[in-house]
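**Student:** Sequence:
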Amino acid sequence: MKLGIILGSTRVKSNTAGVVAHVVTLLSSHPDFDTLELEIINLATSSGHPLPLLIEDTLPQAHSPSSLPSVYSDPLIRSWSSTVLSWDGVLIISPQYNWGVPAPLKNALDHLFHEWVAKPVGLITLGGRGGTKVEASLRSILGGGLDMRVAEKGVQVAMPREWIAGSEVLKGGEETLQRYDEAILECVREIVNLVKCKDEASPRTSPECMPLQE
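The numbering of the sequence shown is the working numbering, which starts it at 3 and goes up by one.
Heads up, some of the hints might be wrong.
Taking lysine-lysine pairs in the DSSO-like style, the calculated list, with each CA pair at most 27 Å apart, reads [what the hints assert, rightly or not]: (1) LYS108 <-> LYS200; (2) LYS173 <-> LYS135; (3) LYS108 <-> LYS15; (4) LYS173 <-> LYS108.
Hint data in this document are derived by calculation from the structure and do not stem from the laboratory.
Turn these sequences into a full structure, and let the hints steer you where they fit.
**Tutor:** Right, dumping it as structure tokens:
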């Protein structure tokens, strides 16, 4: 099973990178996820990025799913389409910018459409109060606009002021992050569960395929 991890921040001095490092270490050392393949995407520095700001003249929704990824004229978008198509699920780890979604993340989502549809996705958000505003925005975009299967178990990482405005950034392993370990594991378990149900074509209303509840 392949899980794509997308960083919402492209800043060089970013707390998001530290959270991603923490998540990768946590998952890689946990027996529940020993067969999980992780692919990390930095929307500024990963191969094929950054993506162009302009969307192609033909809207992504207008393409036939069977024509992907070759239908895109821009090789960067073809590569991005191919990458997302290779994933079984997605984990987005993003800060909150001015109560909303960072522009590079929204741009990466908007370049594609069918590649996202029905794909399971989980959310880890960062902010002074856990990034609840960006989480709400992403749930609307992903679950509504892109028809993805959004995990109910999101993780809201409340950032102390010194980590947001100070000179230090999270690197992973800090006590501030360790307190979210179980919530992170629950979120990823739900993504894995949704992927298995999708692969097995199980009815979404069957108990084993319903999103996990509190």
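**Student:** Quick one: which hint numbers does this structure break? Sort them smallest to largest.
**Tutor:** none
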